[in-house]
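Sequences listed follow chains P and R, in order. Each residue of the first sequence is one higher than the last, beginning at 523 in my numbering. Each residue of the second sequence is one higher than the last, beginning at 523 in my numbering.
No lab work stands behind these hints, which were simulated from the structure alone. Treat the hints with care, as some may be off.
No distinction is drawn between identical chains; accordingly, a pair holds when it is met within one copy or between any pair of copies.
Unchecked claim - In silico SDA-like pairs for lysine to any residue, Cα to Cα no more than 25 Å straight-line:
1. 566 / 601
2. 527 / 568
3. 527 / 567
4. 566 / 523
5. 641 / 746
6. 527 / 746
7. 746 / 719
8. 527 / 711
9. 796 / 699
10. 722 / 657
11. 796 / 554
12. 566 / 704
13. 796 / 589
14. 722 / 794
15. 527 / 745
16. 796 / 529
17. 527 / 566
18. 796 / 551
19. 796 / 557
Protein chains: 2
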Amino acid sequence: MISGKTTLIAHIGYPTESFRAPFIYNPWFEERGIDAVVVPMGCKAEDYPAFLRSLFRLTNIRGALITMPHKVATVALLDAASPAVRIAGSCNAVLLRSDGRLAGDMFDGTGFTRGLERKGLRLAGARCLVVGAGGVGSAIVASLAAQGVSGITLFDVHRPSAESLAARVCEHYPSVAVEVGSNDPADYDLVVNATPLGMKPDDPLPFDVARLSPSTFVGEVVMKQEITPVLAAARERGCRVQVGTDMLFEMIPAYLEFFGFGTATPDELRAVAKVAY
Amino acid sequence: MISGKTTLIAHIGYPTESFRAPFIYNPWFEERGIDAVVVPMGCKAEDYPAFLRSLFRLTNIRGALITMPHKVATVALLDAASPAVRIAGSCNAVLLRSDGRLAGDMFDGTGFTRGLERKGLRLAGARCLVVGAGGVGSAIVASLAAQGVSGITLFDVHRPSAESLAARVCEHYPSVAVEVGSNDPADYDLVVNATPLGMKPDDPLPFDVARLSPSTFVGEVVMKQEITPVLAAARERGCRVQVGTDMLFEMIPAYLEFFGFGTATPDELRAVAKVAY
Chain P
523 MISGKTTLIA HIGYPTESFR APFIYNPWFE ERGIDAVVVP MGCKAEDYPA FLRSLFRLTN
583 IRGALITMPH KVATVALLDA ASPAVRIAGS CNAVLLRSDG RLAGDMFDGT GFTRGLERKG
643 LRLAGARCLV VGAGGVGSAI VASLAAQGVS GITLFDVHRP SAESLAARVC EHYPSVAVEV
703 GSNDPADYDL VVNATPLGMK PDDPLPFDVA RLSPSTFVGE VVMKQEITPV LAAARERGCR
763 VQVGTDMLFE MIPAYLEFFG FGTATPDELR AVAKVAY
Chain R
523 MISGKTTLIA HIGYPTESFR APFIYNPWFE ERGIDAVVVP MGCKAEDYPA FLRSLFRLTN
583 IRGALITMPH KVATVALLDA ASPAVRIAGS CNAVLLRSDG RLAGDMFDGT GFTRGLERKG
643 LRLAGARCLV VGAGGVGSAI VASLAAQGVS GITLFDVHRP SAESLAARVC EHYPSVAVEV
703 GSNDPADYDL VVNATPLGMK PDDPLPFDVA RLSPSTFVGE VVMKQEITPV LAAARERGCR
763 VQVGTDMLFE MIPAYLEFFG FGTATPDELR AVAKVAY
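So here's chain P without its partners, still in its complex pose:
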């Protein structure tokens, strides 16, 4: 029951029709007796900077979930940005700190790596290939680096994207060996599809699955279907896999912690979610 004492979390993006976060966060807040509510706010790109500043002057707001098309624009509006934000160049979580300053973080990658660790993959020292150096790929790379992987190979069909991401990771995590290379998935502990390939039925595979070793863990960002072609092929070879929506449900506890609402497990969140995934 929303009241004048309820803490607001804005969910900002455009269009809003397909927003799913309210169906997960709000039932969770209700179940846990947390007096907070996620409120979708449809904001076009040209209105966003002024709106965000104005919104965070409200006396009953604590934070915002940021989604398309504002993740990149948010970075310039922050007072404090996490390394993940600076590496990814995008931000999906904003917190109004008690001193009035806006802190930003980026949890796409956090959700991904939390999921891997929950499945028993030890990231410290792991050798990783990330295919796709766009927004979500950058976020995953930042989180892998933060978890202390030994090396990351980056591949992107647009090579300068991979090179620029490699440079940003080196700056923040000099102990991680980052290189731009090929998309050959042989001899890695972890291979990640961070491209949109798999969203359409006739997409080619993002890498040559025949070169996967059964000991390699394969992660996916595409959520359009649970088992994408690359995951199906990886499973056939005996690889352990992580599906796209795991990233989502692993990300939400990171948001809850960031906003100061305690935490939750992905299973607890899936149980209260009022929407099918």
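For this one, chain P is given, so just place chain R on it according to the hints.
Using the frame of chain P, we list chain R on its own:
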């Protein structure tokens, strides 16, 4: 259940802790299957003009309930103001029209006169005394004039307030005889206490109740207690009365209609309200 398709109605004021509208509107929306939600937004005076402009650029907002301290400041931010807004000099309802313009109205007085008419008082042609020419008094006077009363006598301890209100009414409703006079309640069809007198236990009465005729209807704006001293005295003399909260529950249907959410009766609203009045 809030979703990305839900229409937002902002409830803007400061402080927000005592807001009661969400406890009435939101259960009503739920009961009627209307996909809308009233969201309290605590906004300080210095932030208000920029916030209001930014808020109404959102793609999923339809309107706002405006409360203290913003009712007067809102007038200057409107593209179109109702006569009630122009006479009262304040606005408590803002609608985003389909052409992007902001229309403002003021329903304090509407709530008051709707309540009188529901109780069988015929306002067309009525002779009225309104004691108190502040915000709520001005709104009531505007609404009485709109209902076609024949004459309104205004009294305020600060006489220039009454004079200025009289001038504004004359400008918009030249056929209504408005005069500034005494607070003697004899010989009126309707006498209104639009002062805060009655909020504190030792307040004097706003007018000499001994001069009330039993045929006079007495209305009250104070909501602190259901039967205020002036209402108790009027009842003793045989007068019909209207309590302060009637204005509130009669006002909400006017808001609902203004926002395009159909309408409701005060009794229906009181039945779903999740707060005691």
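Results of checking the hints against the structure:
no.: 1; hint: 566 / 601; in the structure: both (22 Å within a copy, 22 Å between copies)
no.: 2; hint: 527 / 568; in the structure: between (31 Å within a copy, 21 Å between copies)
no.: 3; hint: 527 / 567; in the structure: between (30 Å within a copy, 19 Å between copies)
no.: 4; hint: 566 / 523; in the structure: between (29 Å within a copy, 24 Å between copies)
no.: 5; hint: 641 / 746; in the structure: within (22 Å within a copy, 59 Å between copies)
no.: 6; hint: 527 / 746; in the structure: between (38 Å within a copy, 21 Å between copies)
no.: 7; hint: 746 / 719; in the structure: within (11 Å within a copy, 64 Å between copies)
no.: 8; hint: 527 / 711; in the structure: neither (48 Å within a copy, 42 Å between copies)
no.: 9; hint: 796 / 699; in the structure: neither (42 Å within a copy, 60 Å between copies)
no.: 10; hint: 722 / 657; in the structure: within (19 Å within a copy, 61 Å between copies)
no.: 11; hint: 796 / 554; in the structure: both (15 Å within a copy, 20 Å between copies)
no.: 12; hint: 566 / 704; in the structure: neither (38 Å within a copy, 55 Å between copies)
no.: 13; hint: 796 / 589; in the structure: within (20 Å within a copy, 34 Å between copies)
no.: 14; hint: 722 / 794; in the structure: neither (30 Å within a copy, 48 Å between copies)
no.: 15; hint: 527 / 745; in the structure: between (36 Å within a copy, 22 Å between copies)
no.: 16; hint: 796 / 529; in the structure: both (21 Å within a copy, 19 Å between copies)
no.: 17; hint: 527 / 566; in the structure: between (28 Å within a copy, 16 Å between copies)
no.: 18; hint: 796 / 551; in the structure: both (13 Å within a copy, 19 Å between copies)
no.: 19; hint: 796 / 557; in the structure: both (18 Å within a copy, 16 Å between copies)
This entry does not satisfy hints 8, 9, 12, 14, going by the numbered hints stated previously.
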